[in-house]
Amino acid sequence: MTKKVFDRILFGGDYNPNQWPKEVWQEDMRIFKDANINSATVNVFSWAKIQPSETEYYFDELDEIIEMLTKENYDIVLATSTAALPAWMFKKYPEVARTDFEGRHHKFGHRHNACPNSLVYQKYAEKLARKLAERYGANPRVTCWHINNEYGGECFCENCEKAFRVWVKDRYKTIEALNKAWNLEFWGHTIYEWDEIVLPNALGEAIDYDNTAFAGISIDYRRFNSDGMLNNFKMERDAIRRHDQTTPVTTNLMGTYKNLDYFKWAKEMDIVSWDNYPSYNTPWSYVALTHDLMRSLKKAPFMLMEQTPSQQNWQPYNSLKKPGQMRAQSYQTIAHGADTIQYFQLRRSVGACEKFHGAVIEHVGTEDTRVFRETAQLGEELASFGDSLLGAANHSRVAIMFDWENYWALEYTSGPNKDLKYVDQIHQYYRYFYDKNIAVDFVPADADLSGYSILVAPVLYMVKEGMKEAIEAFVNAGGTFITTFMSGIVGESDNVHLGGYPGPLRELAGVWVEEIDALAPEQTNQIQFVTGEEGTSRLLCDIIHPETAEVIANYTSNFYANTPAVTKNSFGKGTVYYIGTELDTSSLDLCLEQALETTDVQPTLEETTPLEVVLRETEEDAFYFVMNFHAETHPLPKTFVGTTDLLTGEVLSEKTVLHMYDTLVIKA
Amino acid sequence: MTKKVFDRILFGGDYNPNQWPKEVWQEDMRIFKDANINSATVNVFSWAKIQPSETEYYFDELDEIIEMLTKENYDIVLATSTAALPAWMFKKYPEVARTDFEGRHHKFGHRHNACPNSLVYQKYAEKLARKLAERYGANPRVTCWHINNEYGGECFCENCEKAFRVWVKDRYKTIEALNKAWNLEFWGHTIYEWDEIVLPNALGEAIDYDNTAFAGISIDYRRFNSDGMLNNFKMERDAIRRHDQTTPVTTNLMGTYKNLDYFKWAKEMDIVSWDNYPSYNTPWSYVALTHDLMRSLKKAPFMLMEQTPSQQNWQPYNSLKKPGQMRAQSYQTIAHGADTIQYFQLRRSVGACEKFHGAVIEHVGTEDTRVFRETAQLGEELASFGDSLLGAANHSRVAIMFDWENYWALEYTSGPNKDLKYVDQIHQYYRYFYDKNIAVDFVPADADLSGYSILVAPVLYMVKEGMKEAIEAFVNAGGTFITTFMSGIVGESDNVHLGGYPGPLRELAGVWVEEIDALAPEQTNQIQFVTGEEGTSRLLCDIIHPETAEVIANYTSNFYANTPAVTKNSFGKGTVYYIGTELDTSSLDLCLEQALETTDVQPTLEETTPLEVVLRETEEDAFYFVMNFHAETHPLPKTFVGTTDLLTGEVLSEKTVLHMYDTLVIKA
Amino acid sequence: MTKKVFDRILFGGDYNPNQWPKEVWQEDMRIFKDANINSATVNVFSWAKIQPSETEYYFDELDEIIEMLTKENYDIVLATSTAALPAWMFKKYPEVARTDFEGRHHKFGHRHNACPNSLVYQKYAEKLARKLAERYGANPRVTCWHINNEYGGECFCENCEKAFRVWVKDRYKTIEALNKAWNLEFWGHTIYEWDEIVLPNALGEAIDYDNTAFAGISIDYRRFNSDGMLNNFKMERDAIRRHDQTTPVTTNLMGTYKNLDYFKWAKEMDIVSWDNYPSYNTPWSYVALTHDLMRSLKKAPFMLMEQTPSQQNWQPYNSLKKPGQMRAQSYQTIAHGADTIQYFQLRRSVGACEKFHGAVIEHVGTEDTRVFRETAQLGEELASFGDSLLGAANHSRVAIMFDWENYWALEYTSGPNKDLKYVDQIHQYYRYFYDKNIAVDFVPADADLSGYSILVAPVLYMVKEGMKEAIEAFVNAGGTFITTFMSGIVGESDNVHLGGYPGPLRELAGVWVEEIDALAPEQTNQIQFVTGEEGTSRLLCDIIHPETAEVIANYTSNFYANTPAVTKNSFGKGTVYYIGTELDTSSLDLCLEQALETTDVQPTLEETTPLEVVLRETEEDAFYFVMNFHAETHPLPKTFVGTTDLLTGEVLSEKTVLHMYDTLVIKA
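Here the protein sequences come in this chain order: A, B and C. Heads up: the first sequence runs through residues 7 to 674, numbered per the numbering used here. Heads up: the second sequence runs through residues 7 to 674, numbered per the numbering used here. Heads up: the third sequence runs through residues 7 to 674, numbered per the numbering used here.
A portion of the hints provided could be inaccurate.
[Claimed, not checked] Within a straight-line C-alpha distance of at most 25 Å, the following computed SDA-like cross-link-like pairs (lysine to any residue) qualify:
#1 C/Lys55 to B/Met74
#2 C/Lys328 to B/Trp518
#3 B/Lys424 to C/Asn287
#4 C/Lys328 to B/Lys98
#5 A/Lys97 to C/Asn287
#6 C/Lys424 to A/Leu611
#7 A/Lys97 to C/Val30
#8 A/Lys98 to C/Asn287
#9 A/Lys186 to B/Lys179
#10 B/Lys328 to A/Lys474
#11 B/Lys28 to A/His503
#12 A/Lys186 to B/Pro552
#13 B/Lys179 to C/Glu478
#14 C/Lys470 to A/Pro27
#15 B/Lys427 to C/Lys179
#16 A/Lys186 to B/Lys98
#17 B/Lys98 to A/Glu164
#18 A/Lys474 to B/Val356
#19 C/Lys264 to A/His503
#20 A/Lys186 to A/Gln532
#21 B/Lys97 to A/Glu360
#22 A/Lys186 to B/Met74
#23 C/Lys175 to A/Gln25
#24 C/Lys328 to B/Val557
#25 C/Lys427 to A/Asn319
#26 B/Lys328 to A/Glu521
#27 A/Lys55 to C/Ala183
#28 A/Lys129 to C/Asn287
#29 C/Lys98 to B/Glu62
#30 C/Lys424 to A/Glu360
#31 B/Lys168 to C/Lys98
#32 B/Lys97 to A/Phe107
#33 C/Lys179 to A/Asn24
#34 C/Lys98 to B/Ala637
#35 C/Lys264 to A/Gly497
#36 B/Lys470 to C/Tyr198
Bear in mind the hints are in silico, worked out from the structure with no lab data behind them.
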């Protein structure tokens, strides 16, 4: 079960010696050694340097960098540089630029600026990836390929429009099928020829960036856009594979980033990597959620490709990380499945928009900084693990469904309540498990559910072909399924499952939802559990008719007082909970507690603690990560009294306490 | 006086069987019958279906629909389908699309998407209307023609620019007159040739959508745009009239919608129809205002073309209508002059942006829903009226002026206070009459005032040619005229009436307004009536010199303390009140109460009640509508003790109370 | 030292008789005389009138205006009319219009609408200025040339793009130097040919209007844009000088307007003029700041080219000026260095967007208004000064640095805190001196500092070549230098001064700033002075290592509690204060008080008073201006007991009090 991709924990990050004079390079090597840095991500944005014109390639500088890092025995994460096009390409081929949502064709600027359907871009990106693989693929210190960088954004140019028509035709085959899928009879939008289709931006069906007149075309555009960028990724990957069949290939993802269907992408990646940039006020449960999501993409350890040693620059308020915070954040990352800790970046930029982004070596240029010392301490600790942790698994009996198509469809929906947001709903449910130290996997819409005891699918708005059967099979076999309001409403093209909500989930849940009330932010309803506890509800309130379900809680206000807000249904050997409204935290906890009672789901630690406790296991070992993310100091859980903290070698006692950001790693 | 357009109260709504398989049609007919539905609006968005290409027309499906409805004895409201262009037309003639305020030429998408000055659009819209009239005009069950749908929006394309120059030349005849009207000497904008004129969008004189450097051109653009769309309406109407000289023609309006001068439109319509979509927090007085405005357009009963049975989708928060709310809202609509109750829509959409908009038949597809039951109850009640109510008049001695050109001009004004909004001011005055159950008509700027005892004209900013004389004649003859700050300021081209505010109203009001102070939202002034009552004022404060007027209330704060805030002037046989600032509700009530004392204006019901009470009268009968729109329960007014509620047959007693949304209809 | 540009205090303002019929002109002359108006600014927006087509010029009307004013012995401020292009020029040469930040090429509309790099515009603007000078330059009553009007805005058209490349090439000479300056190796933006450069608007490197991916190019674009408009100014000035070598030339500036580097502009202007438009809630200290800044541009008296007699129109809330407020504001203006008081405008517009902007003659058209009477009173008072005040100097030992390039660079910076605003920071420091009645000069980055005792340079983010040496020399010679967080960070191209913050100021300040924490608006830190006083800090918090500095105050919260927040360093004969965070007002006062103690800086008045007291001195006389800008009444400072108020002739006693807006002028 242990999946080791690397020989050691990669510890390093983005490194751009090309932006610095040569004398700095040797100084870097010296300083990095003091921090146990063993890895560098290079060549992320060097296309213009490597290919100064359409016909010339220049590798001398990269040769020197690779040679230096090789000599120093670094694990080199070699990027392909295709995330920002050279200026000459815009001048010569303006079509390589993107056309934005407003319909404006851009000129040279920024990064992530290639039209994904530009043949010129594709031609030269493929060629560049191939040349890099040819030149460096055989170097054993090239440990990982890093294609492009943070794929994202969109293009609405003419080339994309033409490509979209091809994609649509390929998906629907006939005009009739398309008209039906997009429900184009509505408002008389029926088309008769494929080239009547136009992209759904501000000049087409879009209302604004987050709203659309026809969700069908807008969701399909997102599918097309995600696929188009994925094709670019695959094109580069395949180019690399012509010269290097073994080195793992990745690209760095961005957590819950909306535009790309990461579960689909992960299938094409050898290892997932991602960039973790919480804000000063992001809940730690949300950070944990994104780690679990990234690990779940391949159900395997991942790379932390980027985090800042201390400060960011692009947030509105870029607070410093407090002493110990970066260390705790790094261990949380590892606890949830990371096999690498990499920073953006190793030396802080002298200019341009990221110069206020923290780095291992700050502008002062020395190792005499708090940030460096904290980095070095972590480096030393990580080195002490050797390869013992690598590939260790996170086991979970709880699955939460995370489906990018649902994400898109739910948020495109016009009505009933504009404040309904997909990730926010997912997080409300994840938060419960996080607080209880119960391990969670995220699963896609087409997941194999056999390994799980509980499946939680909040706002499972879009139920696609086969999902009903899969979930019914899961529950039939004894699984517990928890779903909510705004579930089972539409199929894959955003057309409603007629016959009563929650459509394909109706028999499972044993309820019919007749109406969905929407509450404004200043409004709430009251609820009461049949066991007596009271709570509040908001946002959306299903009006539920139990068919085979029993009532768990009722509304006690509004005209639907005394009708169910939460129900429970027996189905086959399993149980289905239907939570018909957004509950306050305590009420949601009550529901989920009850749902868990009849399952085999156990917290990582039996005893109750406000500390975060996570377990990773290899075939040989099991590691507990114990972290305090609260301002208050908390005692060591009794379970661990007498064990040894691997990080300090300290034997833990009844008197051991964890202050904020204190972290322990304990071998089970 | 009774104007009957229909033979029965039309009860039905938008119906799109074309979006559904045939088996659903018969099910619809069965279910609708259970709800006493007798009318359907069809063919609203079917252009693409009816005309699949430039040369083909296809009526088979519509034939079947009309045939089915005819067989079932429906009153068919037949739409012309021109509110959304077919996709092929955009592809073949991109000029049919609109250019938006930002100067972006759109592609295919949305509805209401035709450039009103596109000859291609006009050619095919006219032809379609003609063909429909030719084919269905003789069908006696086609009870009403519904042209286009919710006309609105704007276009700023080159064709519109050229058309605007023609319109402007036609209005002003000479360049000199134009330069003067638009005051183009200001900022040296003098033009010398007509084609130097450019449309006032973001690339021209507009500052942003609601602001402009030259109100003259921007107001004229709105006149031109309203006229242009009205010409399209007339074009279709005339096309219909070639084959059908008798069936009434309408298009559905949108209450206080800003862009179209509905008083001008109404002259071309046989009957007014409109769509009533209050938000969850719209005051009921505002809903009543819009009904009265729509009725006043032709001073005749109107059609409620659309309302939702329960839920909307396009508001931020789409609450359900509570039990009884839709019924009460429907009777309020009838009370204020409607002869039809039509829903959008009869069967809920399976997809696209309105799928969360409520319908008589919901997604569950059955009649077993609260929404359906409430609809059916209403249907039964309405059927019981037969034709007794049809054409009944609402009589009023109070006129409030509502002038779209004022609306535009006032809100384009740069200074003195950006929070000044036309409809908000109108509503503050209307609210008083609503609370007192005093019937109100709205009148246009060129109204015949002879039937009224009181004319209220809040913020009568633009006083056009002839208005001074008309109002003076009205007051001379004994009328009471009430006007406010920001009145009499400009003429029809937004140039100031020089010589002292309120310009042409100065002699009438007997005051000279020397200065207009603007208060920020956090600021207020204090006022005191000469009779002792105290109040507050805000927004704008006129500094008034009474000339012939007497003082009703003075400011008691700011540097203009002890100068008048409200005055009263005798003029001829009549009286003029000038209210120089925005007053708190109680203070405004005091003013209006005093104004009413010397008139013959009576409330519909002598006794005071928080219930809404409205009277409609035919030549034979008089119907009182009594509705409770308050959360609290209120007793039946004593006047009605012993009468019978037509809706339930119940004899009303001293013990009768009305809970929220309870409604009675009582024959006088 | 006294610099008299005029023979009397100019009292008048913008005058547009061309917008009025001739009969009004004579009425104007009569009324203006009653107000002692002696000056008029004419021909500001008359290009379209003067040049009705490409080939015709028409001066008859202007001749008449000049003749009338000459006859009445006015000081004529003659504008060149080039601030708004004629409509025909847009029609014939669309390139004269600007392309905006969004990339939209505009059509005819507004003013300030010329592309600064349009050769067509330049050709005709130069020709117009030349013709005006030829025709009117010899008229002795033409007292001042007023070029264009409120230069501002930007253009991003193709012509500007080409001109920018030339400007850039001229600045950097080689591509290598350019790549280095803009740090284009970052994100691989390296260019190889000059025409790969594109303008940094929304289609290029800009993120939004206030943010950019590459500050280097964006700052250079602002330099280029400021220079380009300045070139247009110089072009017109030089055209005038061909026919008129002596009459002073100005253009009206706009205080802290961001886009133009006014210190650079002032070098080309004979006298500075500016337009003062505070909002209803602008602090008076801020108004004083802008006056001092405008005076400091040339370190000489300036013209108040525009203020409103009472009301504005383009603010959200356009309050009236209260009785006495305009007078007090005018004397404040004179106190800080104005030799003219000019209004916008003399007669209120009949139409277009400024019709609600106040004027000396209001819409009523008579002199019987409060506004007129207050104007007339002021006119009489000013006339009584004769030429005694003209050219009087404001002496100051305190310099505050105000550098437009810093302004741009600081606000383009991505991180650490988006709420950091340049002028806001400057104002926090200025406010201290204002409250203490200590005179302040503003100085540019390349100032001669020899005349000052204190140099305050808040957020001196950009330290350019030579500044370190200049400031060190200043301190070495005994000066006191006060600087703050976010100082010494970058050089002129926004590349960081490596080696530890505050870079070139590190030795001066005697501190090394290791980190910069950013606080969100809801966060604060606590501080404590070594002398015991406590305070709060916010926004940004430097973490400081004193090197040679001593500690003045420490943080007492956060993880950097007990590290310095404020330090003081001895350097040469002088002292340097480093204020590492944004302090509350009292704490900042404590710091500055301490800094002043060891200098020769004295308040204008020894005694403490909440009144504003300003001193202007000629070689013969000294004038104290004493003003009360507080709602509360305050006693006359004892110093002035027994003196005479020049404005009223009143002898001032111990009982004299100043109510709000009361103003005294006292000869020392």
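Tested hints:
For the suggested pair C/Lys55 and B/Met74, the alpha carbons sit about 69 Å apart, so the restraint of at most 25 Å is broken. Restraint check for C/Lys328 and B/Trp518: satisfied, since their Cα atoms lie roughly 19 Å apart, inside the 25 Å limit. At most 25 Å may separate the alpha-carbon atoms for a hinted pair to count; B/Lys424 and C/Asn287 meet this at roughly 16 Å. Annotation: proposed proximity of C/Lys328 to B/Lys98 is violated, straight-line Cα distance about 63 Å (limit 25 Å).
Under the criterion of a C-alpha separation no larger than 25 Å, the hint pairing A/Lys97 with C/Asn287 is inconsistent with the structure, at around 49 Å. A threshold of 25 Å between alpha carbons decides the hint, and for C/Lys424 with A/Leu611 the separation of about 42 Å lies outside it, so the pair is violated. The straight-line distance between the Cα atoms of A/Lys97 and C/Val30 is roughly 59 Å, outside the 25 Å bound, and the hint therefore fails. A C-alpha spacing of about 53 Å is found between A/Lys98 and C/Asn287, which places the hinted pair above 25 Å, so the restraint is violated.
This hinted pair does not check out: A/Lys186 and B/Lys179 have alpha carbons roughly 53 Å apart, beyond 25 Å. Proposed proximity of B/Lys328 and A/Lys474 is contradicted: the alpha carbons are some 33 Å apart, above 25 Å. Taken as a hint, the B/Lys28 and A/His503 pair is honoured in the structure, with Cα atoms around 18 Å apart against an allowance of 25 Å. Taking the CA atoms of A/Lys186 and B/Pro552, the gap is about 70 Å. The hint is violated against a cut of 25 Å.
At most 25 Å may separate the alpha-carbon atoms for a hinted pair to count; B/Lys179 and C/Glu478 exceed this at roughly 72 Å. In summary, the hint linking C/Lys470 to A/Pro27 is supported, as the alpha carbons are separated by about 22 Å, within the 25 Å threshold. Distance restraint check for B/Lys427 and C/Lys179: the Cα-Cα separation of roughly 57 Å exceeds the 25 Å cut-off, and the hinted pair is therefore not satisfied. Distance restraint check for A/Lys186 and B/Lys98: the Cα-Cα separation of roughly 23 Å lies within the 25 Å cut-off, and the hinted pair is therefore satisfied.
Only pairs whose Cα atoms come within 25 Å are accepted, and B/Lys98 paired with A/Glu164 is accepted, the gap being roughly 17 Å. A distance of roughly 19 Å separates the Cα atoms of A/Lys474 and B/Val356; the hinted pair therefore holds under the 25 Å criterion. For the given pair, C/Lys264 sits about 57 Å from A/His503 by alpha-carbon distance, which is inconsistent with the 25 Å threshold. As the CA atoms of A/Lys186 and A/Gln532 are separated by approximately 41 Å, the hinted pair breaks the 25 Å bound.
Proposed proximity of B/Lys97 and A/Glu360 is contradicted: the alpha carbons are some 45 Å apart, above 25 Å. Distance hint between A/Lys186 and B/Met74 is fulfilled; the C-alpha atoms sit about 24 Å from each other, no more than 25 Å. At most 25 Å may separate the alpha-carbon atoms for a hinted pair to count; C/Lys175 and A/Gln25 meet this at roughly 22 Å. The suggested pairing of C/Lys328 with B/Val557 holds, with an alpha-carbon distance near 23 Å, which does not exceed 25 Å.
Between C/Lys427 and A/Asn319 the CA atoms are separated by roughly 16 Å; this keeps the pair inside 25 Å, and the hint holds. Of the supplied pair hints, the one linking B/Lys328 and A/Glu521 holds, its CA atoms being roughly 11 Å apart against a limit of 25 Å. Among the hinted pairs, A/Lys55 with C/Ala183 is consistent with the structure: their alpha-carbon atoms are about 16 Å apart, no more than 25 Å. For the hint linking A/Lys129 to C/Asn287, the alpha-carbon distance of about 59 Å lies beyond 25 Å, and the restraint is violated.
Our distance criterion of 25 Å between C-alpha atoms is broken by C/Lys98 and B/Glu62, whose separation comes to about 44 Å. Proximity of C/Lys424 to A/Glu360 is assessed by CA-CA distance (about 14 Å); at most 25 Å being required, the pair is judged to hold. In summary, the hint linking B/Lys168 to C/Lys98 is supported, as the alpha carbons are separated by about 17 Å, within the 25 Å threshold. Of the pairs offered as hints, the one joining B/Lys97 and A/Phe107 holds, with about 20 Å between alpha carbons and a cut-off of 25 Å not exceeded.
Distance hint between C/Lys179 and A/Asn24 is fulfilled; the C-alpha atoms sit about 23 Å from each other, no more than 25 Å. Restraint check for C/Lys98 and B/Ala637: not satisfied, since their Cα atoms lie roughly 66 Å apart, outside the 25 Å limit. A hinted pair counts as satisfied when its Cα atoms are at most 25 Å apart, and C/Lys264 with A/Gly497 does not qualify at roughly 53 Å. Pair hint B/Lys470 plus C/Tyr198 does not hold up; C-alpha atoms about 65 Å apart against a cutoff of 25 Å.
Going through the hint list in order, the structure does not satisfy hints 1, 4, 5, 6, 7, 8, 9, 10, 12, 13, 15, 19, 20, 21, 28, 29, 34, 35 and 36.
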